[in-house]
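**Q** Protein sequences appear in the order of chains G and E.
In this text, residue positions in the first sequence follow my numbering: the first is 1, and each later residue adds one.
In this text, residue positions in the second sequence follow my numbering: the first is 1, and each later residue adds one.
No wet-lab data here; the hints were simulated from the structure.
One or more hints might be untrue.
As the list claims (entries may be wrong) - Using C-beta positions, here's what the derived DEER-type ranges look like: (1) G/Q16 - E/Q71: 20 to 26 Å; (2) G/A164 - E/F7: 19 to 25 Å; (3) G/A128 - E/A76: 32 to 38 Å; (4) E/H5 - G/K66: 24 to 30 Å; (5) G/G159 - E/R26: 45 to 51 Å; (6) G/R57 - E/R25: 38 to 44 Å; (7) E/R25 - G/F65: 33 to 39 Å; (8) E/R26 - G/Q16: 51 to 57 Å; (9) G/G67 - E/M1: 32 to 38 Å; (10) G/Q15 - E/G68: 22 to 28 Å.
What the hints assert, rightly or not - Covered stretches of chain G, as calculated for chain E (at least 3 residues, CB under 8 Å): (11) 25-36; (12) 48-61; (13) 66-78; (14) 125-132.
To be verified - A few chain G residues facing chain E, derived, Cβ under 8 Å: (15) L10; (16) R85; (17) K88; (18) N152; (19) L160; (20) H170.
Note that beta-carbon positions come from the ideal geometry of N, C-alpha and C, so glycine has one too.
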Amino acid sequence: MATDSPDDALVARAQQGDAGAFEELVRLHADRLHAVVQRLVNDEHEAQEITQETFLRAWRGIRGFKGEAQFFTWLYRIGVNEANRRLKRTANAATQRSLEDLTQEPRDPAPGPEGQSEQRDLQTALEAAVRDLHPDYRTPLILRDIEGLSTNEAAAITGLHPAAFKSRLHRARLNVREAVAKYL
Amino acid sequence: MRREHRFSQSHLPAMLDDELTTRQRRRLQAHADDCPECGPVLLDLLRFRRILLGLGRSVGAGSARADGILQYLRTATVIDAQRPGSAS
Numbered sequence: 001m002a003t004d005s006p007d008d009a010l011v012a013r014a015q016q017g018d019a020g021a022f023e024e025l026v027r028l029h030a031d032r033l034h035a036v037v038q039r040l041v042n043d044e045h046e047a048q049e050i051t052q053e054t055f056l057r058a059w060r061g062i063r064g065f066k067g068e069a070q071f072f073t074w075l076y077r078i079g080v081n082e083a084n085r086r087l088k089r090t091a092n093a094a095t096q097r098s099l100e101d102l103t104q105e106p107r108d109p110a111p112g113p114e115g116q117s118e119q120r121d122l123q124t125a126l127e128a129a130v131r132d133l134h135p136d137y138r139t140p141l142i143l144r145d146i147e148g149l150s151t152n153e154a155a156a157i158t159g160l161h162p163a164a165f166k167s168r169l170h171r172a173r174l175n176v177r178e179a180v181a182k183y184l
Numbered sequence: 001m002r003r004e005h006r007f008s009q010s011h012l013p014a015m016l017d018d019e020l021t022t023r024q025r026r027r028l029q030a031h032a033d034d035c036p037e038c039g040p041v042l043l044d045l046l047r048f049r050r051i052l053l054g055l056g057r058s059v060g061a062g063s064a065r066a067d068g069i070l071q072y073l074r075t076a077t078v079i080d081a082q083r084p085g086s087a088s
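Working from the sequences, and respecting the hints, build out all of it.
**A** Encoded structure:
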């Protein structure tokens, strides 16, 4: 059973059909969920659609939510699954390039100046490297390293066993490091 | 050295995720301080984590997108309610 969270009372009311309580859950989680989905699909319009669809599915399914995980874990799982389903369907080669492609085709060959500018260059390069990861690796990295979720929370969202999740996460981190090597 | 290198390689992910005991962390750190392979990897990945976490924190819990979503939900649930046999 998940520990009590600020969402619990709202979830309980929403499960009784209280639309106002569910609206409050939307207000609490909309921006973060959208940010996660946006990073997954790299498309603002699609991210908006997925976020809307996620909350609609959550509203329709909230009576079936048993509280075994935290509400946001359940919500993110719906969103991440939908995002990955769409990514597989579209199979956008430009957003799923392999690490080999990345190393052969640097995005910005010009080195940045010293200090803060270097840090900004590295941040930009990191964001690009994350975007270019295969979704199987991008999702763990976004949930764990950008969202700051625990390993168990993030693994639950992806539906992976924690050991498999950790393996993918480490691979993703190493791939990102290789992709930004020229900024180091 | 080889034994410590193997230990470092296998425990690096746990180091990054702060899942090592103090003793394990010190052991790995001691090796990484001298190892030309493990040291840079550890430093880089720790640095990346700080930057990436900062990106996530730049998007706080908020509701800037909520109004559009709620409008969508209201429209969609009205449609739901109009379906034959709908409970809502």
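**Q** Of the numbered hints stated previously, which ones are contradicted by the structure, given in increasing order?
**A** As far as the earlier hints go, 4, 5, 9, 13, 15, 16, 17, 18 and 19 are violated by this structure, in ascending order.
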